[in-house]
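*Asks:* Sequence:
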Amino acid sequence: MNWLNELLTAVLDAVQSVDPVLRTLIAGLGIFLETSLLVGLVVPGDTIVIVAATAVRSPVEYLALVVVVVLGALGGESVGFALGRFFGPRIRASRLGRRIGEHNWHRAENYVDRRGGIAVFVSRFLPVLHSLVPVTVGMSTMRYRKFIAWTLPASVIWAFAYVTVGSLAAGSYRQLSQQLHGAGYLFVAVIVVFLAAVVVTKKLIERSQARHWAHPGDGDANTIDPIDPIDDAA
Numbered sequence: 204m205n206w207l208n209e210l211l212t213a214v215l216d217a218v219q220s221v222d223p224v225l226r227t228l229i230a231g232l233g234i235f236l237e238t239s240l241l242v243g244l245v246v247p248g249d250t251i252v253i254v255a256a257t258a259v260r261s262p263v264e265y266l267a268l269v270v271v272v273v274l275g276a277l278g279g280e281s282v283g284f285a286l287g288r289f290f291g292p293r294i295r296a297s298r299l300g301r302r303i304g305e306h307n308w309h310r311a312e313n314y315v316d317r318r319g320g321i322a323v324f325v326s327r328f329l330p331v332l333h334s335l336v337p338v339t340v341g342m343s344t345m346r347y348r349k350f351i352a353w354t355l356p357a358s359v360i361w362a363f364a365y366v367t368v369g370s371l372a373a374g375s376y377r378q379l380s381q382q383l384h385g386a387g388y389l390f391v392a393v394i395v396v397f398l399a400a401v402v403v404t405k406k407l408i409e410r411s412q413a414r415h416w417a418h419p420g421d422g423d424a425n426t427i428d429p430i431d432p433i434d435d436a437a
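For the sequence shown, the working numbering assigns the number 204 to the initial residue and increments by one for each residue that follows.
FYI, nobody ran anything at the bench for these hints, they're computed from the structure. Don't be surprised by glycine CBs; every beta carbon is placed ideally from N, CA and C. Please note that the accuracy of each hint is not assured.
Estimated spans, in silico, between C-beta atoms of each pair [unchecked claim]:
no., residue 1, residue 2, range
1, VAL401, TYR347, 38 to 44 Å
2, VAL263, ARG302, 39 to 45 Å
3, SER261, VAL403, 44 to 50 Å
4, ALA392, THR344, 45 to 51 Å
5, LEU389, ARG302, 37 to 43 Å
6, GLY385, THR344, 53 to 59 Å
Turn these sequences into a full structure, and let the hints guide you.
*Replies:* So this is what it looks like as structure tokens:
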């Protein structure tokens, strides 16, 4: 067994040693925070879910993780919607709102106004917008029932994709690690290819949807601007 196999085995065993209920709840909490405006811009929910998925050892654990991740995503986005409904203007004018950037707020508003429910669905797969759109929708006239109806299928697709990749990669590695010297490299390759595919898919979605959130004067409408640091002098 080479050094990579030994390292991966140790990491996977450590994750596996965590109580299944606890690690499932941690994954649900991670995605809940990742889809919430206040912390969703910095919490790596996708990483937490993939790590938790590597410990899945049965169909029951697999389905339980998917369900909890979906519920966590729905909960986080519902919190974002409620924040927008009751505190939207205040959040936008706050220090956090300034950090997000007025340009991103305008783009989120344009996207929701022009695409409605489709914007809610697609935003789940885009950086920045996945945390910003629920709040923006909360400030709009869209009803919560319509919002959650579009959020649910997007959350289900996202959960199945990440949990499936994590569990299959780890399961294949465990089966091959004793026979294949390079099993660790295969595991890493599967994760890297998946993450690369995610990045490419997000870029393609951004390009296909950019015209819907663009407004006159946009220099580069194909991407959502990164979050800028807050000016301490402000």
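*Asks:* For each hint, tell me whether it holds in the structure or not.
*Replies:* Status of the hints after comparison with the structure:
Against the hinted window of 38 to 44 Å, the Cβ-Cβ separation of VAL401 and TYR347 comes to about 29 Å, which falls outside the hint. A hinted range of 39 to 45 Å for the beta carbons of VAL263 and ARG302 is consistent with their spacing of about 42 Å. Against the hinted window of 44 to 50 Å, the Cβ-Cβ separation of SER261 and VAL403 comes to about 32 Å, which falls outside the hint. At about 47 Å, the beta-carbon gap between ALA392 and THR344 stays in the expected band of 45 to 51 Å.
Evaluation of the 37 to 43 Å hint for LEU389 and ARG302 yields a pass: the beta carbon distance comes to about 41 Å. For GLY385 paired with THR344, a C-beta distance near 56 Å keeps the hint of 53 to 59 Å intact.
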